[in-house]
Amino acid sequence: MIEVEGLRVVLPPDTVALYGADLTIAPGERVMIIGRSGAGKTTFLRSINRLVEPTAGTVRVAGRAVTGAGPLELRQVRRQIGMIFQQFNLVRRASVLVNVLAGRLGYVPALPSLLGRFPASDRRLALACLAQVGLADFAERRADTLSGGEQQRVAIARALAQSPSVILADEPTASLDPQLTGSIMGILKRVNEERGLTLVVSQHQLEAALEYGTRIVGFRAGRICFDGPPDRLTPAAVTAIYGEEAA
Amino acid sequence: MTRGATGIGSGRGVPRWRAALLVGLGALAWAAWDTGADPIRFVRGTPWMLDFVRRSLPPDFRVLRPALEGAVKTFEIALLGTAAAAALAVPLGFLSARNVAPPAVFYPARAALNFLRSIDTLVYALLFVAAVGLGPFPGVLAVVAYTTTSLAKLYSETIEGIERGPVDAITATGATRLQVLRYGVLPQVLPLFLSYILYRLESNIRAATVLGFVGAGGIGFYLQTYLRMIDYPAASTVLLVTIVMVMVVDFASSRLRARLV
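Protein sequence lines, in the order shown, are assigned to chains L and G.
So that you can map any letter, position 243 of the first sequence is 243 in the numbering used here, and since no number is skipped, the others follow by simple counting.
So that you can map any letter, position 104 of the second sequence is 351 in the numbering used here, and since no number is skipped, the others follow by simple counting.
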């Protein structure tokens, strides 16, 4: 589903964020990416849909090339990849429904969408996605009147509205109260199981990563240093990922 | 030891501070002398001012009709000029925003805006009266000229201050550039744009009240005419109408702006 080869990213002016990562993720996997901040987790995720431009290497998603894709191809592959962010990244002044409808932008006719018009079928789909995250009654509320946990659920609904085959989640629970971690990760796990879509989550809480992942990938200083199921993550492997002081 | 060090430190600071104060006072004293600013002359002049006020009262409401017509014209000048400028400034604002325009566009655009913005509406009015003749139209052009550059600058600063996050999120859905602008950028900047437009409308109404002095139409024309005719009661009516108009617009506009942001 996701094939990454020799992914090297140099962030301007000359910070090497990734030194050439190789990773193949099969459809339906639930991958948790762990590592210290600055290890390259976010850069890795953002390279998969080219929010960050890779310096070298190739990325393919669902058999389609992401690296080297022209503007149209890139938009077509992006709409298959839902993305969830640490800061939710909702359009605060817009309604919840409009935020979810934004997930349909890659599919709907361009000109009406610029005037704020969406086909009825897309509106129904958006409402269904809101219902799936338990926010059916919130459609008309302004996004910034919602709590952090609710906003992140709206962001998940936006990603689901893309009818994606992959969801990337960059620290989806890091800005939330710890007791909300389970609720957000639970929703992500459920859509992974029910829809069979591939889930890649960067997760700073090791316990959550172990609980919700079927596969753990550890990054350290721009390199992948662990790749395996949660039960193979030994204390030694944890030390290798996080360093001595964290163990 | 410590006391000695402190003494030296403050000893260095105080003379510099004193020197700055002396230079500042010197500049002010020179400016007072050069402008002939003289409190005694001002005090001696007060009876004349009181006489002026007494001769203006009571206001002559027979000229209320032309005064109101002038006020409406001034409002129209400001409204039309601000609306045209609000639209013209949008592309200019994007072109002079650092995070949108490439440096080759951004730097010349910024420089041009700063240059044009240093010219006041009244000066533009003089230019346009010479170009298209007397009346409200050169006034509209003057308001457009100044307001376009000042709004473009405010727009560009707003665009530079937007949050990156929603833009990334909309981009990640596979949206086109225009869709990203419409759903990621516009909702962030639009309320501020509208607030700036209203603010400019307020200031333009004040600016447009004096445009009539240089022949560019509106209520200023009546004020200047009655003052020249030494018809102070009529002039005071015009002044009252101006004050009421500016206050009403300021009040309405600030109420609207408070709801926007």
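Don't read these hints as lab results, they were simulated from the structure.
Any given hint might turn out to be false.
[What the hints assert, rightly or not] Coverage of chain L stretches by chain G, computed from C-beta distances (three or more under 8 angstroms per stretch; other residues unrestricted):
1. 86-92
2. 96-106
3. 155-162
Virtual Cβ for every residue (Gly too), placed ideally from N, Cα, C.
Verify the coverage statement for the stretch 96-106 of chain L against chain G, using a C-beta to C-beta distance below 8 angstroms and requiring 3 or more qualifying residues. holds (count 6)
Confirm or reject the coverage of the stretch 86-92 of chain L by chain G under the rule of 3 or more residues with a beta carbon closer than 8 angstroms to the chain's beta carbons. holds (count 6)
How does the coverage statement for the stretch 155-162 of chain L fare against chain G, requiring three or more residues with Cβ below 8 angstroms from a Cβ of that chain? Three-residue rule met by the stretch 155-162 of chain L, so holds; n is 3.
Of the numbered hints given earlier, the model fails none.
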